[in-house]
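Protein chains: 2
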Amino acid sequence: MTEIRTVAVVGAGTIGASWTALFLAHGLDVIAYDPSPEAEAKLRAFARRALPDVFRQASAPRDGQLGFSTSLEDAVSSADFVQENAPEREDVKTALIARIEAAAPSHAIIASSTTAFPHSIIAAGAKDPSRVIIAHPFNPPHLVPLVELVGTRPDAPAVLKAFEFYKGLGREPVILKREAIGHLANRLQAALMREALYCLEQGIADVEDIDRAVRYGPGLRWAFMGPFQTYHVAGGPGGIRHYFAHLGPSQVQRWNSLGRPDLDESLEQKAIAGVEAMLGQSTVEELEAERDRSLKAIIAALGSARM
Amino acid sequence: MTEIRTVAVVGAGTIGASWTALFLAHGLDVIAYDPSPEAEAKLRAFARRALPDVFRQASAPRDGQLGFSTSLEDAVSSADFVQENAPEREDVKTALIARIEAAAPSHAIIASSTTAFPHSIIAAGAKDPSRVIIAHPFNPPHLVPLVELVGTRPDAPAVLKAFEFYKGLGREPVILKREAIGHLANRLQAALMREALYCLEQGIADVEDIDRAVRYGPGLRWAFMGPFQTYHVAGGPGGIRHYFAHLGPSQVQRWNSLGRPDLDESLEQKAIAGVEAMLGQSTVEELEAERDRSLKAIIAALGSARM
Numbered sequence: 001m002t003e004i005r006t007v008a009v010v011g012a013g014t015i016g017a018s019w020t021a022l023f024l025a026h027g028l029d030v031i032a033y034d035p036s037p038e039a040e041a042k043l044r045a046f047a048r049r050a051l052p053d054v055f056r057q058a059s060a061p062r063d064g065q066l067g068f069s070t071s072l073e074d075a076v077s078s079a080d081f082v083q084e085n086a087p088e089r090e091d092v093k094t095a096l097i098a099r100i101e102a103a104a105p106s107h108a109i110i111a112s113s114t115t116a117f118p119h120s121i122i123a124a125g126a127k128d129p130s131r132v133i134i135a136h137p138f139n140p141p142h143l144v145p146l147v148e149l150v151g152t153r154p155d156a157p158a159v160l161k162a163f164e165f166y167k168g169l170g171r172e173p174v175i176l177k178r179e180a181i182g183h184l185a186n187r188l189q190a191a192l193m194r195e196a197l198y199c200l201e202q203g204i205a206d207v208e209d210i211d212r213a214v215r216y217g218p219g220l221r222w223a224f225m226g227p228f229q230t231y232h233v234a235g236g237p238g239g240i241r242h243y244f245a246h247l248g249p250s251q252v253q254r255w256n257s258l259g260r261p262d263l264d265e266s267l268e269q270k271a272i273a274g275v276e277a278m279l280g281q282s283t284v285e286e287l288e289a290e291r292d293r294s295l296k297a298i299i300a301a302l303g304s305a306r307m
Numbered sequence: 001m002t003e004i005r006t007v008a009v010v011g012a013g014t015i016g017a018s019w020t021a022l023f024l025a026h027g028l029d030v031i032a033y034d035p036s037p038e039a040e041a042k043l044r045a046f047a048r049r050a051l052p053d054v055f056r057q058a059s060a061p062r063d064g065q066l067g068f069s070t071s072l073e074d075a076v077s078s079a080d081f082v083q084e085n086a087p088e089r090e091d092v093k094t095a096l097i098a099r100i101e102a103a104a105p106s107h108a109i110i111a112s113s114t115t116a117f118p119h120s121i122i123a124a125g126a127k128d129p130s131r132v133i134i135a136h137p138f139n140p141p142h143l144v145p146l147v148e149l150v151g152t153r154p155d156a157p158a159v160l161k162a163f164e165f166y167k168g169l170g171r172e173p174v175i176l177k178r179e180a181i182g183h184l185a186n187r188l189q190a191a192l193m194r195e196a197l198y199c200l201e202q203g204i205a206d207v208e209d210i211d212r213a214v215r216y217g218p219g220l221r222w223a224f225m226g227p228f229q230t231y232h233v234a235g236g237p238g239g240i241r242h243y244f245a246h247l248g249p250s251q252v253q254r255w256n257s258l259g260r261p262d263l264d265e266s267l268e269q270k271a272i273a274g275v276e277a278m279l280g281q282s283t284v285e286e287l288e289a290e291r292d293r294s295l296k297a298i299i300a301a302l303g304s305a306r307m
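Going down the list, the protein sequences come from chains A and B. Reading the first sequence from the start, the letters are residues 1 to 307 in the working numbering. Reading the second sequence from the start, the letters are residues 1 to 307 in the working numbering.
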C-alpha cells in the first residue's frame, strides 16, 4: 500500500480551502487546482489563517508544501489521493471524475466531497468505480471531524484505505453500509429541519425560539452523544430497553404528530423574516467566524472532559 | 407581583432533585414533597452534590434552605411557586394539580415538568387553568438551560411571570405559542430519532456510526446554533434566502426520501444490541456522570467563546 504523501485538492472554494489547511497541518503536500483566477491567492490566505486552528497529529514534523496549478491534469498527476470539491452539478462532477481518473496515478484514490449525489452517480463516468469514493465533510472540515465515506462496497480497498487516511488526520470517518440520498448526517439534519419548518408553519414557535430550543436544550447534548445514547440514558437504569418497553408507545404517538410542511413561498418568507429578525445585522461571514470560534472552544473542552 | 422566595418541589426523583439544586443555588428556599420514604435522604445527598455545578446568579447571597414534608398540602401551603414532577400518568397528574391548587396560596404559580401531556390535559382538573403552566426542562435542569413554557395563552400572566423567574435562574425559557404533542424540542428530537431508526432499519449504518455521525458532525454545531441559523450559514453570503432559492429543491427531495420506520420487536432488538455493543460495560449512571461533565465543559467553553 502506497503511503499518502501528496494530495490533489480539486476545486479550491470554501470546502477545498478548509481541506487544504487540514492536509498541510498534518504534513501532507497539497497541489490545488481551481479554474478561477483569484483562487490561488484566496487559498493561500485561507490556509495561512486556518493552519493554527487544526488540532494536529503529534507526529507531523512540519507543515506540508502548498502548490497550485491551473491545469487539472498537472495537479493530479503526482497525487496519492485526490479530494474533489467542484460545484454540485452532476455533469460537472462526472466529467471531472473521469478526467481525474485518466490523469492520476493508478494507485491514487479519488474522493468526492459531494453532498448532493450518491456514489452511483459520482462514479458513473469512471472506468473503475471502485477507485472513486464519496468523502463528505461538514463545514469547515479542518474543524468538524465527521467524514462520511461511501464506496462501491463498505469493505472496498479504497474505502478502507480512506478510513485510515482520515483517521490519521484526526477525523472521525463513518463508512456507510450502502449509499443513500443525503448520505447519513444530512438525512438526520433534514429530518430536524423539516420538523422545525413544520413547527414554524403551524405557529407553535417562531424561528428564534426554535433555534433557542435546540441550542439550549438537546443540541448541547448532541455535541457529545448521538440519539441512541440520548434515549439510552433517558431510559434510566434500564437504558434503551426500558425506554422502548415503557416510552415506545408515546414515542410512536409523537412520530405520528410530526408534520410535512409545504415549503411554499409563504413559509420560505416566514423563515427568512425570522432569521433576519434573529440575526439582525450580522453578516454570514461574521456568523462563520463565530461558528468557528465556538467549534474550537467545544472541541477543546470536550477533549479534556473526555479524559 | 409577589416576589418568589419559596418553591415547593412536588416529586423529588431525578428531575425534582435537579430542580431543587438549581433553586437552592439561586438563594430560593425549597420545600420538597415526595411520598417515598427514602426520598428525603436521596434528595439531600443529590442537592449537596449538584450545588457546586450550578452556574449561579452573582446576586444570590447564600444558598436557600431545604425543607421536606411528607404532606403535599403542607409542602405547598407557603409556596410562591410550585414545580411538579410526578410520574407521567394522566390520572396522577390531574389529581395532583387539583390538590396543589386547593392548598397553595392563591398567588402561587403551578408549573408541571410534564414531557408527555399538553397543557389542556395537565390543567384539566384545575378550577383556574390559567394558574397552571407547563415548564418542561431537559435533563438535568440544573445544567441544561432550556425550559419550555406553555399556558392557557402565550401572554397569560403566569407564563410571563414564569419566564422572568426562570430567566433569573440563568435558564433559557421558550414560550410556546400554542400547545403541541411533545412541546417543541422533543418534537425535533423525535424527528431526528425517527430518521436514525429508519437508517438503522434500512441498513445504511449501525447504531454506533449513526451516533458518531451526529456527535462528530452536525451535533457539534447544534450546541450553539439551531437549524435555521445552520441553514442560513450554509447558504453562504446570501444566507437562508439563497439556500431556499438554490438548494430548496434538493432539500425537498431529501425530505421525500426520509422514512417512517416500523418500531417492531426486530428493530427494537437491533437498536438495543447496537447500543450494548457501543457502550460496552458502562452503566447508565456512569453515562449520566459523563454527560454532566461534558455539559459543564461545553457550557463553560461557550460562555467564554461567546464573549
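Don't take every hint at face value.
No distinction is drawn between identical chains; accordingly, a pair holds when it is met within one copy or between any pair of copies.
Below, a list of computed lysine-lysine pairs in the BS3-like style, where the Cα atoms sit at most 30 angstroms apart [stated by the list, open to error]: (1) Lys-177 with Lys-42; (2) Lys-270 with Lys-296; (3) Lys-42 with Lys-127; (4) Lys-167 with Lys-296; (5) Lys-270 with Lys-177; (6) Lys-270 with Lys-42; (7) Lys-296 with Lys-42; (8) Lys-167 with Lys-270.
It is worth saying that the hints were derived from the structure and are not from the lab. Small disclaimer: the values here were computed from a predicted structure and weren't measured.
- First find the shortest C-alpha distance between Lys-296 and Lys-42 inside one copy, then the shortest across copies, and answer within, between, both or neither for a cut-off of 30 angstroms. within (22 angstroms within a copy, 38 angstroms between copies)
- Message: One pair to classify: Lys-42 and Lys-127, alpha carbons no more than 30 angstroms apart. Within, between, both, or neither?
- Response: neither (34 angstroms within a copy, 67 angstroms between copies)
- Item | 30 angstroms Cα threshold - placement of Lys-270 relative to Lys-167 | between (42 angstroms within a copy, 27 angstroms between copies)
- With identical chains treated as interchangeable, where does the CA-CA distance between Lys-270 and Lys-296 reach 30 angstroms or less: within a copy, between copies, both, or neither? Classified as neither: same-chain Cα gap 32 angstroms, cross-chain 35 angstroms, threshold 30 angstroms.
- At most 30 angstroms between C-alpha atoms: does Lys-177 with Lys-42 qualify within a copy, between copies, both, or neither? neither (37 angstroms within a copy, 46 angstroms between copies)
- Message: Within, between, both or neither: how does the pair Lys-167, Lys-296 come out at a Cα-Cα threshold of 30 angstroms?
- Response: Intra 19 angstroms, inter 28 angstroms, cutoff 30 angstroms: intra and inter.
- Task: At 30 angstroms max between alpha carbons, let me know whether Lys-270 reaches Lys-42 within a copy, between copies, both or neither.
- Result: This pair counts as neither: shortest intra-copy Cα distance 35 angstroms, inter-copy 48 angstroms.
- At most 30 angstroms between C-alpha atoms: does Lys-270 with Lys-177 qualify within a copy, between copies, both, or neither? between (38 angstroms within a copy, 15 angstroms between copies)
Hint check: violations occur at hints 1, 2, 3 and 6; the rest are consistent with the structure.
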